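*Asks:* Make a model of the complete structure from these sequences and hints.
2 protein chains.
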Amino acid sequence: MRIAIDVMGGDNAPDAILDGALDALDLLAAEDQLVLVGDRAVIEDVVAERGLQGDSRIVIDATTQVIEMSDSPVTAIRAKPDSSIVRIAKLGGRRGLTGDADHCQVIISAGNTGAMVAAAQMSMRRLPGVHRPGIAIVLPTFHGPVVLCDVGANPEPRATHLHQYGQMAAGYAEKMIGIDNPRVALLSIGSEEAKGNSLVKEASVFMKNDPTINYVGFAEGRDLFDGKADVVISEGFTGNVVLKLAEGLAAGLFKTIAAEILVHDPELAARFEPVVKSIYKKHDYHE
Amino acid sequence: MRIAIDVMGGDNAPDAILDGALDALDLLAAEDQLVLVGDRAVIEDVVAERGLQGDSRIVIDATTQVIEMSDSPVTAIRAKPDSSIVRIAKLGGRRGLTGDADHCQVIISAGNTGAMVAAAQMSMRRLPGVHRPGIAIVLPTFHGPVVLCDVGANPEPRATHLHQYGQMAAGYAEKMIGIDNPRVALLSIGSEEAKGNSLVKEASVFMKNDPTINYVGFAEGRDLFDGKADVVISEGFTGNVVLKLAEGLAAGLFKTIAAEILVHDPELAARFEPVVKSIYKKHDYHE
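Just so you know, the protein sequences line up as chains A and B, in that order.
Everything in the first sequence is counted per this note's numbering, starting at 1 for the first residue and increasing by one.
Everything in the second sequence is counted per this note's numbering, starting at 1 for the first residue and increasing by one.
Just so you know, nobody snuck in bad clues.
Intra- or inter-copy, both count: the list cannot distinguish identical chains.
Taking lysine to aspartate or glutamate pairs in the DMTMM-like style, the calculated list, with each CA pair at most 20 Å apart, reads:
id	residue 1	residue 2
1	228	192
2	281	260
3	255	267
4	282	265
5	208	193
6	255	226
7	195	68
8	228	193
9	282	226
10	255	273
Since the hints were made in silico from the structure, they are not lab data.
Source: prediction; values computed, not measured.
*Replies:* Written out as structure tokens, the structure is:
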């Protein structure tokens with residue numbers, strides 16, 4: 001298997017990305033290849049520092065341009081054809097960059113999401129029947145993982161797009177997380193059919209009439225965390241707000257608790273720390 | 001001042017509502033009136049139980065119908081003209097129910113939100129220049145209160161509605177919470193102007209061109225809790241999802257922490273309880 005990694009994108013790139021990629025070598029088989037895409041000198045330096053020059057699984061695919069987080073996605077992929085994001089999208093394309101030998105089965109980027117989605121759409125195409133890409137994430141909840149899709153690829157979707165997200169995200173929940181016959185809900189503002197906006201009402205009809213989806217109706221914001229559904233479908237605008245809100249609120253709440261503990265019972269702080277660490281370990285995919 | 005209270009609506013109504021209303025008598029002046037709207041027999045029973053029959057500030061305004069939480073708002077206010085929600089909306093109208101003597105300066109209901117908004121709109125009208133009502137809530141955050149509007153009155157607003165919510169919510173933050181020159185943000189999916197959907201982009205132009213608003217740009221989901229703005233404006237669909245998500249996530253997180261503490265360090269649980277209680281007391285308006 002060939003795995004391409006965008007070394008230039010994401011928080012603390014390229015160092016953090018390179019460190020993580022090289023740490024993962026232990027998990028790869030002898031015939032696998034780790035294709036590091038980015039600034040050649042930087043990559044060579046870090047590979048040499050770690051004494052990995054001789055590892056034949058490491059392949060450097062040099063690029064000279066970088067798409068920044070603040071770049072406008074569509075403009076950036078046109079203006080920076082020699083960027084790591086455009087390159088890994090090409091490597092992920094069915095015929096690779098120059099032919100089948102180049103093709104990577106896995107591409108990974110922590111960079112500009114919009115640019116990655118746009119580049120992927122251009123070079124990798126979509127599966128037959130899929131009209132728009134969506135971004136799915138797995139939310140850790142008290143009742144188990146919940147797949148939330150879309151969290152920002154498509155802020156103004158049609159109802160048919162939401163329907164397809166339901167099919168794709170259910171497939172992901174089943175194949176990747178191992179949830180049998182996952183329950184699919186549409187994110188809305190009430191469980192009653194009369195509530196919501198015209199988009200979710202229309203999408204709900206598509207879902208209901210699709211025998212391949214185990215559709216359980218509307219889910220409200222609170223239902224995301226109460227085990228009502230395994231898959232929650234949203235348009236990308238609300239989904240993105242939800243994702244960032246959940247991150248911000250969880251971080252803020254832990255901060256609030258920490259501050260309150262220090263006021264009430266400073267000695268408690270030391271004993272509370274392993275509890276928080278254990279929760280983070282279970283629920284934070286960043287670790 | 002005349003204060004009308006819908007005794008029939010909300011969790012644990014009518015008992016919890018009546019208890020709270022009568023508890024508040026201590027805060028009222030001798031010339032104030034507490035207008036209890038709902039089932040006469042129920043109200044008379046509770047008033048008698050508490051020995052308050054002689055209190056001239058208590059006025060019973062009897063109704064015979066109840067709008068349930070599950071009722072469709074517009075249908076319900078037509079089908080149930082003698083409901084407590086329709087009655088208090090009339091009492092709040094400029095001329096009261098039967099003339100100026102009836103008019104209540106304050107009306108309070110914890111019942112069906114959609115029905116209350118629809119009834120209020122019908123009987124109380126809107127301020128001149130206000131096109132649509134919005135529901136504002138005050139979110140407790142680590143950095144202080146944040147006014148979020150709209151959380152569900154208007155799930156498919158126009159950009160002009162969002163602009164007006166900005167003006168009204170800023171006024172609320174200034175006059176009711178005492179925030180000087182409150183910073184107003186639009187909830188979106190990135191701080192860059194190019195991000196978001198067409199609604200927020202259009203609303204952003206209105207906000208920017210309005211010298212009466214201290215507009216600070218787009219806020220992402222996480223910014224709700226990091227002190228970036230005092231007022232956050234959203235269309236009612238996303239705002240409602242955000243509100244319920246925040247409630248659900250906070251409750252879920254406290255549950256997770258409690259469960260984790262019991263596993264790690266059961267003795268810690270007892271010492272952690274006052275910390276949680278103190279946080280709830282500071283941040284939970286339900287108490």
